[in-house]
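Since the structure of chain B is provided, determine the placement of chain R on it from the hints.
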Amino acid sequence: MNFSPGQAVRARLHGAPGHTRLPGYVRGRPGIVHALRGDFPFPDEGARYGRAEPQALYSVRFAARDLWGSGDHDVYLDLFESYLNEVSA
Amino acid sequence: MTHDHQPTAPMARRVAAFERLLEERGALEPGQVDDVEDVFCRRMGARNGARYVARAWVDADFRARLLDDATAVVRAEGYDLRGSTNAELPFLELVAVANTEEVHNLVVCTLCSCYPVPLLGPSPRWYKSFAYRSRAVREPRAVLAEFGVDLGPDVRIRVWDSTADCRYLVVPRRPAGTGGLGEDELAALVGRDALIGAGVVAAPL
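Residue numbers (our numbering), protein chains in the order written: chain B, 1 to 89; chain R, 1001 to 1205.
Extracted from the complex, chain B is given alone in its bound form:
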């Protein structure tokens, strides 16, 4: 699956067991893809097997209100494709 800038996504609730770079505070939260950063070694896999296949990395924008229930700022995270689910319109 590939995501495009402007697309609505939701961060997954559960990361891989063990090491992950999916922060707890965005899990299950809706966001909008801001940009494609490129392909980078997937760290969850690297931590487990000592090597990792490259995977698409996206900059994703989350509204503070969707993260914390209040606030008027935006938080951008770089999230691997495996961390994201599509949101149907």
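Keep in mind that the hints were calculated from the coordinates and are not lab data.
Treat the hints with caution; some may be incorrect.
Sample of chain B residues lacking proximity to chain R, with all beta carbon distances greater than 12 Å (derived) [to be verified]:
id, residue
1, Phe3
2, Gln7
3, Pro17
4, Gly24
5, Arg48
6, Ser59
7, His73
8, Tyr76
9, Leu77
10, Glu86
Just some of the chain B residues that point at chain R, by a computed CB distance under 10 Å [claimed, not checked]:
id, residue
11, Ala16
12, Tyr25
13, Pro41
14, Glu45
15, Leu57
16, Leu67
17, Gly71
18, Phe80
Yeah, the Cβ is synthetic: ideal placement off N, Cα and C, and Gly gets one too.
Frame of chain B; chain R shown alone:
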């Protein structure tokens, strides 16, 4: 427990002796530690990031290239914009974000302490603190106020959490009244905190 073997030599002499032994046994090349120290203390540092900002202030084409693909700029021009050999320094995947009248950017790494070291030097202690890492994404306006950055209510805050391979450099706003200054003079105004977004650049007195 005895205290017969308490070290008496000052730390610097003990480290020098240890370094010499490692060199004698081939674990280190002569001068290798000095080179690493030189990289961290002199070749990497906020003066590099400040040069990027000053160039972006005076050169609209450079600013556009930097905001479009900062990694390409780093690869082409070096961390110091003066042809430093990037091969000797850690590679940086870089994204530059510009402050404007409407938008203020702030950088954090909530998971650890990711930071664009070649452009900013070793990170300050507060950047690695639990308080900063947890509060920057939750209440950035309050955090910024504690840094002395009071933004108008209409200024939108973007917080960049360095969760993966990209590092972030904030291009602060150019202070008013600096039209007559050259690139080097402008760079001298730009401090580390402004490059993280935790500060702004003040006009010279």
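Here's how the hints hold up against the structure:
| no. | hint | verdict |
| --- | --- | --- |
| 1 | Phe3 | 15 Å, holds |
| 2 | Gln7 | 18 Å, holds |
| 3 | Pro17 | 17 Å, holds |
| 4 | Gly24 | 9 Å, violated |
| 5 | Arg48 | 17 Å, holds |
| 6 | Ser59 | 8 Å, violated |
| 7 | His73 | 4 Å, violated |
| 8 | Tyr76 | 5 Å, violated |
| 9 | Leu77 | 5 Å, violated |
| 10 | Glu86 | 20 Å, holds |
| 11 | Ala16 | 15 Å, violated |
| 12 | Tyr25 | 7 Å, holds |
| 13 | Pro41 | 8 Å, holds |
| 14 | Glu45 | 13 Å, violated |
| 15 | Leu57 | 5 Å, holds |
| 16 | Leu67 | 7 Å, holds |
| 17 | Gly71 | 7 Å, holds |
| 18 | Phe80 | 7 Å, holds |
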